[in-house]
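Asker: Now for the letters of each chain:
Number of protein chains: 2
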Amino acid sequence: MTCSILSIGDELLIGQVVNTNASWLGDQLTSLGITVAAIINIGDERALIRREIERLASTSDLLMISGGLGPTHDDLTREAICDLLGCQLRIDETQLRRIELRFAERGLQLNERSIRQAEIPDACRTLANNYGSAPGLAFTLGGCRAYALPGVPTELKGIFDDEIIPEIAPKTSSIDRQTFLIFGIAESALADRLQELNALLGDGLTLAYLPGLGGIRLRAMRNGDVNHAQERFKKLVLGIEALAAQWIISNRDETMAEAVGRLLKQRGLTLSVAESCTGGMIGMLLTEVPGSSDYFLGGVISYANSLKQELLGVAESDLQQHGAVSQQVAVALAEGVRQRTGSDLAVAVTGIAGPGGGSPEKPVGTVWIAAVSGTQTIVERFQLGRERGIVRTRAANLALGLVRKLVVEE
Amino acid sequence: MTCSILSIGDELLIGQVVNTNASWLGDQLTSLGITVAAIINIGDERALIRREIERLASTSDLLMISGGLGPTHDDLTREAICDLLGCQLRIDETQLRRIELRFAERGLQLNERSIRQAEIPDACRTLANNYGSAPGLAFTLGGCRAYALPGVPTELKGIFDDEIIPEIAPKTSSIDRQTFLIFGIAESALADRLQELNALLGDGLTLAYLPGLGGIRLRAMRNGDVNHAQERFKKLVLGIEALAAQWIISNRDETMAEAVGRLLKQRGLTLSVAESCTGGMIGMLLTEVPGSSDYFLGGVISYANSLKQELLGVAESDLQQHGAVSQQVAVALAEGVRQRTGSDLAVAVTGIAGPGGGSPEKPVGTVWIAAVSGTQTIVERFQLGRERGIVRTRAANLALGLVRKLVVEE
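Residue numbers (this note's numbering), protein chains in the order written: chain A, 21 to 430; chain B, 21 to 430.
Since the hints were derived computationally from the structure, they do not count as laboratory data. Some clues are possibly wrong.
Covered by chain A, per the in silico footprint, the following chain B stretches (three or more residues, Cβ under 8 angstroms) [what the hints assert, rightly or not]:
no., stretch
1, 236-248
2, 301-307
3, 372-382
Chain A stretches covered by chain B per the calculated footprint, using a threshold of three residues with CB under 8 angstroms from any CB of chain B [stated by the list, open to error]:
no., stretch
4, 27-35
5, 316-324
6, 372-385
All of these numbers come straight from a predicted model, not from anything done at the bench. Note that the Cβ used here is the ideal one computed from N, Cα and C, for glycine as well.
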């Protein structure tokens, strides 16, 4: 079963709103084993809405329409559906009473605009909206089942869960998904390592590479009848685990900070950070994770050299002799913050994020990272490119990678 | 001039990645006075990619394609373009050498797949990618100018800024644009304040609200013939400056961190931070700005209470009596970090980001922020919602807002 998603609203086209509704629907539909063929965003234009519904209905078994059901003059989905189905808008008394009740409950005056939301194309079925005013709409066009939902995320999600899933959840199809977080290898090199697995792909099995500065998310997916391709899927997952073992950070869909945090929590270890060129990013990434206070103590943003000395006890001689971006200072920062915070482990980053500050010996992108425990020190030099944002994000994630290495190797 | 955006990648359809590239492009194109007609997301399917490029090129003056230029088997945009233009993939020696250099710089092995990224449809022009391996592609189809960009956001944005804007920025028509950064007022309240200005809009004049957790970017734009609507545009800008004066942080398109940094630099002041629930985000935002070392010294991520005491000298009695999330501790953190770093100003944040840790008196979202100078203290309590990411980002930006207030009022 294939589905298209049609999102309606000028705000999506001018970048004012990111289309998280479509992503959410895509995830939901995929997990139901339904193949999402396309996500289309168009503006609030009656003729265009009609045309796109017609076009997408002719190419999909299922069509999810979001937006344009609200009370304002630029909400035109109802009218476009009438144009397409050759039907009329009629007041739906049940919906009208429900809307009146909602407004009464909140002590609001019902105005003409709100009443519009009870006007239903008379060729459509309504879908109860327990989260807002505008009901969802259901209709069929040729062989396509179409649903129109309000663009307000809570209303869209609520109607989808309450009304649509029971109608569309396929009884005969199933899906398996396994996502790996892979770090420290380029996408292309990983693809080489996994080349032999391509023979397993196709016919219900896919392997997707989702590269980012925080590693590659590698997603193996099986999608089809309950008994279809399950053996091949198992082979695929085992193959990935065997061929990419040394770069697999996690076998779930999580970030570096989540994976490292889980590891620290398992081992009962605490971590502190000393951040120069990353300026706090490592701490920010670690504390994005709820419960990170179980293992993350905090640390020092040692951006200025004076702070490296005064807060972390880095020797002026090290700074003068080797420079702030050096192996010696990276290690001194890590040991300094570990001692002062009393953490089990510490990681420090010092580098040249650019655009300024580079030299022939230490060009922009030069970063030293040190991870220390009571018994062990790992310190490495990296060249992370020329773009400030990329250098910083790579450095922060590499720092998390070194912490993991330290723990795994202890 | 109308533009369509075609985003390619299964990860967008299954909801694993939200299409922020398209929103960013939509914002950029709109601000150039180009009308975005549609945003289309499709999967990694060669024939479909070819078909959609052809369809969209026939209905738009401009086509932005993103994704499918990477090294792996599911990157098929190059092949689809060859199918469509009836041309061949050829190794581009310049691009190949650049990619070799990139890999060499990072000490990585160049493999066949990476070399693929130097294979260019010979009917296409290449666009320099200074942020990654795959170059952008440019070609024309009928009356449509088409550009293909990598899906990695930093690469897409970089190539768009460096190579595409100079080519597409409209020359026949002239554009006046004034973007304000507005902070501390809700979008709807701002719209009410500015209501009387709506009479000026239309016929070449637009006013766009781009709300985010770091404030509202309010963009006034005039787009048309050189002499058209210039008077109205001036009235619009003056009207905004008059009606929203107290919430205007900046009259340029910049972030809170950029605006505050510029102010600190002008005044020759230095800043340090003490971050609890934000975990380093304020430092990260400040150091995103090149040259921030001129005014930002660094600070302490005082996530654990032990660090509040040991690194910043917060009294145990204050922590016990008032709790870590309190006016007293916020001020003590700010004064502690200011003294220990020797900065002119300091700002501290302590709060409950959630999901855990809330209580009836201090529910999730409770945040205390203190900004101090030698002579002045500002401390405020905020309720910032229930979602961890939102609480933290709002808190970090509010902290920057308090620093600005401190400087402006000194």
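Asker: Each of the hints needs a verdict: does it hold here or not?
Answerer: Verification of the hints:
no. : hint    : result
1   : 236-248 : violated (count 0)
2   : 301-307 : holds (count 6)
3   : 372-382 : holds (count 4)
4   : 27-35   : holds (count 4)
5   : 316-324 : holds (count 9)
6   : 372-385 : holds (count 5)
In the structure shown, a violation is registered for the earlier hint numbered 1 alone.
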